Structures are given as C-alpha cells and as structure tokens.
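Read off the chains here:
Protein chains: 2
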Amino acid sequence: MVRQSCLPKSSALVNVPGCKIGAMEDSCTYLLALEGGGTRSQAVVLDIAGHLLGEGSAADVNANFVPFEQAQAAAREAVIAALQAAGVSGRQVVHFALGLVGLRLGAETFGCLLPYAKYHYFTEREVTFARAGVFRPHGVALVAATGASAFGVRSDDGRQAFGGGWGSLLGDEGSAYAIGLQALRGAARAFEGRLEIATEMVAVVCEHFGLHAADFRQQLVQLAYHKPLSRAEVASLAPRVAQLAQQGDPLAMRILDKAAADLSALALFVARQLFTAEEAFAMIVAGGLVNAGELILGNLRRSLAQAFPQARLMIGAEAPALALGRLALFNLSQHT
Amino acid sequence: MVRQSCLPKSSALVNVPGCKIGAMEDSCTYLLALEGGGTRSQAVVLDIAGHLLGEGSAADVNANFVPFEQAQAAAREAVIAALQAAGVSGRQVVHFALGLVGLRLGAETFGCLLPYAKYHYFTEREVTFARAGVFRPHGVALVAATGASAFGVRSDDGRQAFGGGWGSLLGDEGSAYAIGLQALRGAARAFEGRLEIATEMVAVVCEHFGLHAADFRQQLVQLAYHKPLSRAEVASLAPRVAQLAQQGDPLAMRILDKAAADLSALALFVARQLFTAEEAFAMIVAGGLVNAGELILGNLRRSLAQAFPQARLMIGAEAPALALGRLALFNLSQHT
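Chains as they are written, first to last, in our numbering: chain A, 1 to 336; chain B, 337 to 672.
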C-alpha cells in the first residue's frame, strides 16, 4: 500500500541516497520517529530495515510548559533537521511514529512536510520499554530520571499498574531531583557542622553552582530562593553526587543508597500488583540515573532476585527516538 | 526627661483614660511596641507599669516579600489601630519599641504619628526569649513555626550560636512546613496503597484543602504545582496532622515524632556550642508548634534532661508584640 507514495514525485529526489527507483522500491520507504517531552525533542529517520540514516533535535514540546505554537515549531524543527541529516525528502516518509508527552500533533503540523506519511502514535511508557528492545511489553518499566515513576503491564491479560510520578513536591523519591535536593540539604548541614559524617559536598555544590565557600550560606540561600533553582537545576547535581559516592564520600553514598532503595521499593510495588513471585517478566530501568551504575542498580538487582527470581533486569539505554522508530517498525512487521 | 512631652498639647486629649494631668504624670507615659515579620504585624500600647491598654494588627512588614511602602503602610496601620484601641494619642507615646524582621523603620515613617517617641530597636531573637519572660537571655531559643531555627546566647561572655533557618527547600527540618509536606507525601503514598501503615491522612488532606477523594491524585497534583501551594499553605496542614496524631493515627504520629526529634537535635546542637553539661540555662520554645504539646515538646524535654540536667525548658507563649513591650520596659527600668 505504501509503495506508490514512496515513489519520488520530482526528478530532484531521484538521487537521494539509498533510493533506487524501480529496482528496490522498499529501500526508499522511510520511517520518521519523533519523541519529545519536557526537556527536548528528537527525531530520527530510519530505512525499513531499521538502519539509522539521520537524526535531529530541538527544544522541548511539552504543551504543559511551552505554548502550543512553540511546541509545534520545535517538533517541526527536529523533523526537518533529521530529514536533512539523512538526506531524505519528507515526501519519501511513509510512516511517522510520534511519542510526545502530553501532546498529539498531526497533519495540521506536518501535512506539508510529510504529505504521504501514515501517523502512528505511541505513549512514553511504550517508548521506555522499547529503549531496552522490549517491543511487546510484559513487565515493569522504571523511569529513574529527573522524576521517578514506574509502569507495569501484562501482555497476556492487558492489566496495568502505575506508581510514583507525583512530582518534586509530593513524591519523586529516588529521582535525580531527590538526590540533588538531599545533596543541597546535606551540604547545608555539613556547613553548619551538624553532620555526623564527613563529606566533600560543600565543595562539590560550590563548584557545580559557582558559589564561594567563604560565603556559602548566603549564596546558597540566594540561589535556592531568589533565583530560584529549577527542578532541572537541582537534578543536575545528581551526577556529581554519584561521582562523589563512587569516590567513597560517606554522605554521597548515603544519599545514593537511599535513592536506590526508594527506586527498588517503587519498582517492586508495581511488580507486585501484576506478577506472582514465580512469574517471568522484564524489569526495565531507563533514565539518566542508570549512568550511576550499581550504586543505583545494585539494590534493585538484589531485591528483584529475592522477590521475583524469574524476572530479568534490563537497561533501557537506546536513545528514545531511535527506540520509538524500532518499536514502530516492529509493529509494522507484525501487521503485514 | 519624658514628662514634658507626655503632657497633652490640646484639650481634646485631656480625657484620655488613665491620663490625669498634673496629678499623676507618670500614668500618661505610654510605651508602644511594634512587632512584625513575614506573616503579620502587631502593635500594643502599654502604660509604664506594663498594663496592656490596646492592640492592633495589620499585614506583614517583611521587606523581602512586600515593597517598602507597603510594609511602611502596614506598620503605620498597626500602630494607629493600637493607639485607637487604647484611647491614647501618638503624642503621649514616649517610648517606641520596634522588632521588625528585615526592616528598620524610623522617624521617616512614624515622625508625625509619634512626635515625642524615643526609638528602641530589638531583634527577633530577643523577642523570642521575651515571649517566655526572659529579658536577659542566657540560653537557647528554639523557634518551631512555619520554619525552624535555634539561637543561643551567653549573658556572661556574650557568645552566640545559631542553627537551622535554611528555609523550606534547604532545611526547616522539624518545622510546620516539614510536617505539612510529609503529610502531603504520606497522603500520596497512602492513596497509591504504598504505605505500610494505616492512616486517615487522605481524608484530612481532602478536608483541609477542599479536594474530592474520588479524584485525589489529579486534584492534589493540580493544587501542588499549578496553584501552586505556598509555604504557609503547606504549613497550615500541621495543626491537622497534630490533631490526627493525638487521635493515634500511625502516620501522623510518625511525622510528629520525626519533627520532634529534628527540633531536639537542632536545639541541642546550638546548646552544645555554648554550654557544658553541668551549666544552667533557659531553653525557650516558641512558635505555633508549641500548641502540639508533648508530641513536639516531649522529645526535647527528655533529651534536655539527659544532656543538660540543669537547663530549664520554658514555653514562649506571650504574644510577640506584648513580649517586646515588656522587654523594652524591663530595659528602661534597668537604665534608670
């Protein structure tokens, strides 16, 4: 059904790489995947075999934070950048996979750009599973990023469960935000001389935010309340805390241990809603905190082995847009 | 020195209560005290013997939060209201005690209103001690209000120490804000079914903020981030949590226990900077959390008895403006 529209309509497109008219029509069937949320948007162009041909990124597209027109413009910008990087015309795109948090864009936004594309919508949750190569989810996906949440689904009966995701004030225990906040609070107490354990956290906070240790109290209070520090800025401290923990800093290790325990508790809470101790399922972990390695994953690995010995821990390391593209191709292959 | 200016300049003032011209000149020597911070401002009129003749209140005067002119207007409004309630003319006020957080107002604000007044400035810390009748501080004052901080001073050598007061993001452990926040987080987890202990917190949060339990998650998230909830609104939940704890609610009791332990740790941290275990000093506790009684005070009472057996726990229950007035009169009596 897609081969007609795949054929280039103008001679200018004949020399597009990988597109040999007549001989291998399939090779010019391109798929474009666009993924985006509160931080940034990203698009990739894949050929039908799943090879990455080009990618492009732009600003965030979360309609909760930016005006609709701005989100629309960012989405288009990411798409155009990916097409240019791939050397592919929008007229050659026959499948368009979208995974946008809190936003549904369609032909009103991409009609001129991708005139022959069929739209396929995916959720953030499906993308998280896909980041670990799980295209038919049966298990739990734990998102350990600026926020923290877990989602579970059974492929056999379709049941779903969800936990966390209450945001920085009401929840997000175990998230990068929570780690950054505990680091700031720990630094404050260390500066006062109230902390019973040693730590280099004051120096790390000073370096990360450009504060002077001599005037730490006043500058940190100024930064926290008058600037004020955003959720993302607090979370940006987490990789530094993980680094400090790796070096054996007692406060940093305590903060990471607590986050790891909170994430395990969240993931297992969701798992218990859907699975018995004897069942096999995938436990995917995705998000920036995965980079902290065993400091974050060790607790979950041990807890999972104990509570669900048949479950398999997997890291969702694939870039979201690419994972979305692969997921869309998998679904297309199942339907043909 | 003050008797001349005390004499009413116009016949309209002759009949002011308590002011009998010539016969008892001292009785028309009035003191006005004005206290204020981030929540409200309050003024009282006292006679020279310390009797309360009238009081008035107005909006907050914290120049960090409101424009200077607005703070000035609120301060004047509180003063005028107190004078009217006392039936005293500003011309009869010979001593004016001011205890304003982050603001120093003088003749530019009150010159016309209080033409003969001598200005006496006091700090919030001195007022806190005075709320327990301690006019010559030697000990520790713990403020357990929306925020939490502790201040210590020795009357013999003048040494001072300070702890806490980093604000709601960086600190305020043990404060009403911390209690309210833990209650909101606990309610969120209870709603999810993730709390291992029983609690009525969801119902209490719903009642306090006017939310519907059926749509709790969405409404609480909306309230927390879109409104958004102010520091004072979060803290306003604390008395409800204390009430619930008194009824034996396990979550509420756990939250109160944690706050009580945090406040004890803060107060003892400051005490240890200044006093040895054998020394006698006053440990004043002031602020709204005092109303939670032993739930908050019990831990401190026990910790203090153990670490500083000669120290005396006192509650700062006097209204701040009245305490300030009494403190000013005490100081005047010492200097004559």
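Read the hints as simulated data drawn from the structure, not as lab findings.
Warning: the hint list may mix true and false statements.
As the list claims (entries may be wrong) - Coverage of chain A stretches by chain B, computed from C-beta distances (three or more under 8 Å per stretch; other residues unrestricted):
1. 169–178
2. 183–194
3. 215–226
What the hints assert, rightly or not - Calculated pairs, DSBU-like style, for lysine-lysine (alpha carbon to alpha carbon, straight line, at most 35 Å):
4. B:Lys594 <-> B:Lys563
5. B:Lys454 <-> A:Lys227
6. A:Lys258 <-> B:Lys563
Claimed, not checked - Computed far set for chain B versus chain A, every beta-carbon distance over 10 Å:
7. His387
8. Gln406
9. Gly423
10. Gln496
11. Leu505
12. Gly507
13. His548
14. Arg553
15. Leu565
16. Leu602
17. Phe605
18. Ile651
Please read all numbers here as calculations on a predicted model, not as lab measurements.
Even for Gly, the Cβ is constructed at its ideal location relative to N, Cα and C.
How the hints compare with the structure:
1. 169–178: holds (count 3)
2. 183–194: holds (count 6)
3. 215–226: With 5 residues close enough to chain B, the hint holds.
4. B:Lys594 <-> B:Lys563: This hinted pair holds, its Cα atoms lying about 28 Å apart.
5. B:Lys454 <-> A:Lys227: Roughly 39 Å between the alpha carbons, so the hint for lysine 454 of chain B and lysine 227 of chain A is violated.
6. A:Lys258 <-> B:Lys563: 30 Å, holds
7. His387: At roughly 41 Å from the nearest Cβ of chain A, histidine 387 of chain B sits farther out than 10 Å, so the non-interface label holds.
8. Gln406: It holds; glutamine 406 of chain B is separated from chain A by about 19 Å at its closest Cβ, greater than 10 Å.
9. Gly423: 43 Å, holds
10. Gln496: 14 Å, holds
11. Leu505: 5 Å, violated
12. Gly507: 6 Å, violated
13. His548: Its Cβ never comes within 10 Å of chain A, the nearest being 17 Å, so this holds.
14. Arg553: The assertion about arginine 553 of chain B is violated, with a minimum of 8 Å to chain A.
15. Leu565: At roughly 7 Å from the nearest Cβ of chain A, leucine 565 of chain B sits no farther out than 10 Å, so the non-interface label is violated.
16. Leu602: 8 Å, violated
17. Phe605: Given a closest Cβ separation of 5 Å, the condition is violated.
18. Ile651: With a cut-off of 10 Å, isoleucine 651 of chain B remains clear of chain A, as the shortest Cβ separation is near 25 Å.
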